[in-house]
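2 protein chains.
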Amino acid sequence: MTQETRYVVGHQQPDTDAICSSIAYAHLKQEQGENVLPARCGEINPETRFVLDRFEVDDPDLLEDVTGKQIILVDHNEYSQTAPGMRNAEVVEIIDHHRVGDVETGTPIHCRIEPIGSTSTLVTKLYREHGVDIPEHVAGLMLSGLLSDTVVLRSPTTTDEDRNIAQELAGITGVDVEKYGRELLQQKSKLGEKTPREMVTGDFKEFEMDGGTVGIGQVETVTPEQVLEQRHAVLDAMHEIREERDYIFLTLLVTDLLEEDTEAFFVGDRQNVFEQALDTTVEDEQASLPGVMSRKKQVVPPLEEAMK
Amino acid sequence: MTQETRYVVGHQQPDTDAICSSIAYAHLKQEQGENVLPARCGEINPETRFVLDRFEVDDPDLLEDVTGKQIILVDHNEYSQTAPGMRNAEVVEIIDHHRVGDVETGTPIHCRIEPIGSTSTLVTKLYREHGVDIPEHVAGLMLSGLLSDTVVLRSPTTTDEDRNIAQELAGITGVDVEKYGRELLQQKSKLGEKTPREMVTGDFKEFEMDGGTVGIGQVETVTPEQVLEQRHAVLDAMHEIREERDYIFLTLLVTDLLEEDTEAFFVGDRQNVFEQALDTTVEDEQASLPGVMSRKKQVVPPLEEAMK
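Just so you know, the sequences run in chain order Y and L. Residues 81 to 388 in this note's numbering are what the first sequence lists, from first letter to last. Residues 81 to 388 in this note's numbering are what the second sequence lists, from first letter to last.
Calculated directly from the structure, the hints in this document are not laboratory data. Given the structure is predicted, the values throughout are model-derived calculations rather than measurements. Check the hints yourself; a few may be wrong.
Remember, identical chains collapse to one label, so a pair may be satisfied in a single copy or spanning two.
With a cut-off of at most 30 Å between alpha-carbon atoms, the simulated BS3-like pairs for lysine-lysine come out as follows [stated by the list, open to error]:
no.	residue 1	residue 2
1	K259	K377
2	K388	K376
3	K376	K109
4	K376	K259
5	K205	K109
6	K285	K388
7	K285	K377
Model the full structure from these sequences, guided by the hints.
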């Protein structure tokens, strides 16, 4: 009997780390003789498009619904972020660098979560542990995932392991970390062509808190004024989205990659909890978060704690 | 500032793998310069007492409540099995070989779960990965946890990795796997002095299913008749316990380690679901489960599936 196909899938609204780590991990599994394919559950964003073109790699197939399939989760482990149908799929493995979320399994599986800068960093470690060679294009993908998620090693989530592995992967790919990183950042900053609604929902995650749902979007850019100047249109879009999806509140983090600061738009209830958790004041639906760059490390944990 | 003490703690009703892996993992962390202590949240059972005496190791301290403490979870990752106060503790790491359970964290942590025979096997791998030497007494503890959880490599949860690591640890400790394994099994079988209630609750776990709680006890023995002959007294104890704790149902698996079969006592509701899930028939509150040795691998998954 041939082994059933397993799919490596990242989160909804996939970013470069989600897409690149799914391709890289599927390749590792294939090298070990397993029937594994990369997949995605959302559109390729412009930054990831640049990366796939650059290393001449095909898009992973789009899975509309994963019901009944065997799934390897990368770069997330909570149901609010999974592909449609995940509660009726069989999760057979988890590779991630986020908080331990609410995904449960019926039987023991491989689950590897580490507090490091990217899932791509962890996949690189797994290549090393299993003694599998990293091809040049796979090194390029993993370097891209790593540099994208760590804002070219500037995010507070960055560890020494990320720095060492970035250099190692850059060596295999034959690129310079800083130079290639700047190219990537420029892709991330292509905001000009986006509608206000697309700015909010482009890199967007939902979190279950206090029996309801909270939405947190993030725009990472070197030109924050492109968002802030359109604040009325962006806030209108946020009110619309919050109403449609019944969020407790919705916030959009506009993160200045060069200044390493964030301006947050806020709409919804529990404003005082938001203010206390993040030690800020919301005025006219906007708040300053000096030094904040990471949604995962600097925004979600204090909000979760305060919402309990 | 000195680092806050972290405690390595296994599940309630700790078995030999829970106690031994907590001591072994704390030792590994100490060797890496961390302020980590082993702990337990329940009484030492007779088999574990034999192991600790044999390798001249002190009992880990008993933690009555872990509120506010930093905790490394070993050998479990669901709240129904954790030490009291765990929802108000900070889980900083998870090392386990069970299903992915409901423990969540606010921030990214190290979480390592593998589908292998024991947590002690996984801790041995971590010694290897970090290049830390295994002292003779620690090898003895990990071998004991491994052999206890895999019924001396006979349980269907046993993998080739467990077999190889058992031989490796036996070499360091200077014991013979089969001979030492038989000594351990005899300790596990010391049922004569137990009351019927102690037989039910000695190795006992709770599981959340379908909005309620199910209790599953297991007696692993080479003399099952010592339990089966007292069926009326054992069933009386089970009815009492079920009423006290409001379980949907309560089952006691009486597993014959030599014949590799199980007789199950069953009290409570949803008998037809139990019968379908385990492909058996309950008559006079008792059912045969031929070939069943592992609660985790052969009983819990089909019950969870059927109870959905």
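**OP:** Please flag the earlier hints that this structure goes against, numbers listed from lowest up.
**Re:** none
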